[in-house]
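Asker: Each chain, written out:
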Amino acid sequence: MSSTSGGPGGEALRVEHVAKRFGGVTALADVNLRLDRGEVLGLIGDNGAGKSTLIKILCGFHQPDAGRIFVGGEEVVLKSVDHARTLGVDTVYQDLALVNELSVYHNMFLNRELVRWPLLSNRRMRRLARQHLEDMGVNIPSVEDEVAKLSGGQRQAIAVARSVYSDARILLLDEPLAAMGAKEGALILDLVRDLKARGDVSVIIIAHNYGQILEVCDRINLLQHGTITFDKPTSQTSVQELTDLVVAEYRAARTAKLRPDPSSNARPAPGR
Amino acid sequence: MSDTVDVAARVEPAPAGRPSRGLPRRVGEAFLRRREASVLVVAVALGVYFASASPAFLTQPNLVNIAQATAPAAIIAAGMVLVLVSGEIDLSVAAVFALAPFNMHYLTDYYGVPILLAIVMALAISALIGFINGFITVVFRVPSFVTTLGTAYIVIGIVLTTSHAYPAPIPEAATETIRKVFGASDYAHLIWCLLIVAFFHVLLTRTRWGLHTIAVGGNPLGATEAGIRAGRIKIGNFMMVATLGGFAGILDAFRISTIDPNLGGGFGIMFTAVSAAVIGGTSLAGGSGTVIGAFLGALVLAELQDGMNLIGISANPYFLILGVAIVVSMIANVYLSRLRRAGRT
Numbered sequence: 001m002s003s004t005s006g007g008p009g010g011e012a013l014r015v016e017h018v019a020k021r022f023g024g025v026t027a028l029a030d031v032n033l034r035l036d037r038g039e040v041l042g043l044i045g046d047n048g049a050g051k052s053t054l055i056k057i058l059c060g061f062h063q064p065d066a067g068r069i070f071v072g073g074e075e076v077v078l079k080s081v082d083h084a085r086t087l088g089v090d091t092v093y094q095d096l097a098l099v100n101e102l103s104v105y106h107n108m109f110l111n112r113e114l115v116r117w118p119l120l121s122n123r124r125m126r127r128l129a130r131q132h133l134e135d136m137g138v139n140i141p142s143v144e145d146e147v148a149k150l151s152g153g154q155r156q157a158i159a160v161a162r163s164v165y166s167d168a169r170i171l172l173l174d175e176p177l178a179a180m181g182a183k184e185g186a187l188i189l190d191l192v193r194d195l196k197a198r199g200d201v202s203v204i205i206i207a208h209n210y211g212q213i214l215e216v217c218d219r220i221n222l223l224q225h226g227t228i229t230f231d232k233p234t235s236q237t238s239v240q241e242l243t244d245l246v247v248a249e250y251r252a253a254r255t256a257k258l259r260p261d262p263s264s265n266a267r268p269a270p271g272r
Numbered sequence: 001m002s003d004t005v006d007v008a009a010r011v012e013p014a015p016a017g018r019p020s021r022g023l024p025r026r027v028g029e030a031f032l033r034r035r036e037a038s039v040l041v042v043a044v045a046l047g048v049y050f051a052s053a054s055p056a057f058l059t060q061p062n063l064v065n066i067a068q069a070t071a072p073a074a075i076i077a078a079g080m081v082l083v084l085v086s087g088e089i090d091l092s093v094a095a096v097f098a099l100a101p102f103n104m105h106y107l108t109d110y111y112g113v114p115i116l117l118a119i120v121m122a123l124a125i126s127a128l129i130g131f132i133n134g135f136i137t138v139v140f141r142v143p144s145f146v147t148t149l150g151t152a153y154i155v156i157g158i159v160l161t162t163s164h165a166y167p168a169p170i171p172e173a174a175t176e177t178i179r180k181v182f183g184a185s186d187y188a189h190l191i192w193c194l195l196i197v198a199f200f201h202v203l204l205t206r207t208r209w210g211l212h213t214i215a216v217g218g219n220p221l222g223a224t225e226a227g228i229r230a231g232r233i234k235i236g237n238f239m240m241v242a243t244l245g246g247f248a249g250i251l252d253a254f255r256i257s258t259i260d261p262n263l264g265g266g267f268g269i270m271f272t273a274v275s276a277a278v279i280g281g282t283s284l285a286g287g288s289g290t291v292i293g294a295f296l297g298a299l300v301l302a303e304l305q306d307g308m309n310l311i312g313i314s315a316n317p318y319f320l321i322l323g324v325a326i327v328v329s330m331i332a333n334v335y336l337s338r339l340r341r342a343g344r345t
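Protein chains in written order, with the numbering used here: chain A, 1 to 272; chain B, 1 to 345.
So here's chain B without its partners, still in its complex pose (with noise of 0.2 angstroms):
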């Protein structure tokens, strides 16, 4: 830094300190200043583009179409956003979505468990396989990638195996109100995404967890030296988005309606959710990365889909886009952050 910056710092202090520029010009700034402001313009660009090719794309049943296709990969994202800033990915996401469900069914039918106790206990069992990608990622210092490679064959496995790869019906246990709340009414997907997106938004950007979490990733050895337990961040990390994933799974399968062995497709959701947190500005070597990012990347690959699909473009080039889109963020993303810390936006 030169010694001008020192002075000007000395004199004025005050970071608001910057009177001869333009409120709009500030706001601006402000604007591109924030990670997830680009893919919020290709969110709402994408959006104003469909609208105006198709017009049922803005009709009510439509956008709950999209707001059902945003959800699943927005709850995953939210915790895998966690999970990739603190410099770790989890493979296993998509098959905890799929046996989550399962073990609902399993509890309550099979074992006469309360229908929401029932819930609770998916929840949990998500989050214990959480704790063991964690744990053999942290204490046998296993590659995130393998660990979670090897679980995710494992847990779907284990729902092939346990449901013989048949579907189920819902627990007749679950009430009209329960299956409401938990995904089979319009906007239950929402307000959940929501709910959640904003909580982890507010978990990475506002408190120690998160704080740390970015330390772990950005720089493992000085955050360990400052005193943080990373092992406990990173295991932490791996049960929020397992949980996650056991949660998005149940709420897919009561909007549905039914349980299946496919749900999720394999690794399908996890990867969206992954490209959605990449697109949304999150980095993969860990440090950086937003929860918000993530849900407007979300919107945008359902967006995507969802305005191809109507104004008849086969759904075969979506990946294709996806892809590009992917490249492309990452790219802009690596660019725009070497701009950043040259303090240029």
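Excised from the complex, chain A in its bound form (with noise of 0.2 angstroms):
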């Protein structure tokens, strides 16, 4: 890798004020994050923080108009999602991009076929997705089934694993546990910290509702109104203090609402 990482537990992402605008809308304003090697990191952020414009940038799909990206300590410029994921960089988004009419196995393999000209080796890549499921502990009733049979939980972990299997070194997680019961969530918290404990991966999440994910991630950075707020360890944080600032945020923009000049009041609106 590069020179400027030092050595394991070395820096995976950085990224160094980066701004982009839509129209008139400032999306991102100025966005300072870093992930080491190995790491999980946790972004959270209210709606319409910039969460998914943040991630959009860092898969290549989104271009920034001001600051820079290294990966793995170099500078990169991500020119597309296809070229993103060249580098490493891989993102599991919500619609998952499994297709539901094929099997799970052709889906772990999806335009990384393996072939012996011209026919697909169907059975070869039974075989590697089978061990590659297990080895990464998912369990599903058959990779021959169709993924349309499979449960959302089952889905997500499928979609992480092909990411893994693919190579990805900096994983992207859109917000893996909405709309996942108790259940299912725990098994994409298992999967997470598997690849936590493998040490080659480094994960993003992305989360709105963080009580979930804190227990698996390594650091909180909170992102509000286009910027990192709060950067902390999550051993120094809490559920509690996370809300809290959450709440305030709200309270602020409310009181600024509903008072046309917000320097004549800094403390929060009294009422509920």
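Since the hints were made in silico from the structure, they are not lab data. Do not take every clue at face value.
[Stated by the list, open to error] Okay, the calculated bits of chain B under chain A, using three or more residues with CB under 8 angstroms as the criterion: (1) 201-208; (2) 216-224.
[To be verified] Non-contacting residues of chain A with respect to chain B, defined by C-beta distances greater than 12 angstroms in every case (computed): (3) GLY67; (4) VAL76; (5) GLY199; (6) ASN209; (7) TYR210; (8) GLN212; (9) VAL216; (10) PHE230.
The beta carbon of each residue, even a glycine, is placed where N, CA and C say it ideally should be.
Starting from two chains that each stand alone, build the complex the way the hints lay out.
Answerer: Next comes the structure, spelled out in structure tokens:
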């Protein structure tokens, strides 16, 4: 890798002064973020804070208007999703990019199929997919099942396993627990924990509901109005503190709305 | 999924780990799981019925008739399934069916091109029309229904204008052997049809192209995110169905020994091919379909038409039955795929 990344636990990803505007709307004002190798970073923030814009920049979908991005210590310009993927930055989207009509193992190898020209090496793909899912502790009835048969958590697990299998070094999980039951959520959190134990994959979890993800994250960043306003190791913060921060932000915004001149009263609005 | 399923999978990951069930039952279930199963049952049942109703049904000349009626629709349907699975449709293929034999005729009789080369060039022109269909659909984002409706009329217009709406004879340059190979002999249709169906079945189920076709139709956004070039897949499939349409047209021209501007009946053979695909279990929504099912669908349609003719029912209720068959098979399709997803079949 690069000389600037200092050994194990070195830097996986760094974002400096990234900004993005859409027309007159500033989605990201000035984002600074650092992700160490093998680290799990929780990126939280309320709706409209700029989470999805940041993710779309990191996965190569949007290009930032300003700022610099470093992958493994080297500055990069992420030209496309494909390009980011070749650099080892992969995103598991909420829509999962799985094809319902295809089997689990075909999904695992989607667009990276093993071929013994001209035919697919189905037997090898089946075996490798089964083995890889087993290694990752993902339990599904059969790799030959259509993905449509599986539950939300299993689908998510397969999408994550696929990214890891494709040598992703930096994994962006976009709201991995959205619309998922407690048991399903635990399945995903276990998966992230296993990834952390492997140590070669760094993860950013984007979440709306931080209560659940706190337990797997090493560090928490809070994104507010397009900037990171809070950055602490998980051990030094709590759900309570994070809740207070978000609520304070909400109250401040409410005060600003209720009173046209916010400088006249810095205290939160007394009413609810 | 419940925990018990997970545990079972962990203990016994092999999918064949159900020794308690009898072999016949397992074979039966494996059979029912195949989407082609129901239409095969219908095809066999129709065969049995018509054979018992009319002694002429199983005679060799009649079987040749059925084969020759099945083949053009099945050949086109093989390509149509790929287009449908990738989430598009091609309405222009019947027009290409009519155009290809004329191109062969123009090239040999007016430009002195050797007959075999003329056939290849006629197929290349068909493929070009397919390319145009795909290009307009993919690049200009015109729904393929509209794109191919337009090109269908354009191609029909070209056929009628250049031929002055008169039929033409098969080129003199076509030797006896060539005529026989390309459709004049009893079994040419059947052999070509089986080869093409087998090839496209393998293409759809065992190759990257087929897998990507399913992915593009099943989850367009997801397929693109995985880096699959959806446009290329779609354009390729349009080119294949058009080439098959042209080829089926040439086979039929040699069979009836004349080149007819009304060959394919404007849109007729295209609708037959789509019907065959749908009856065979292909979903118009994209993402699923089978080439063998479409072949069986074409066989069912040919059996119906031929059998009703033999037992003296007028041809008129044919469309009535065809319509019912399409609607019923579509309902069965939706219902069965829901069952399959629930893991019950």
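Asker: Taking the numbered hints from earlier one at a time, note which ones the structure violates and give those numbers from smallest to largest.
Answerer: none
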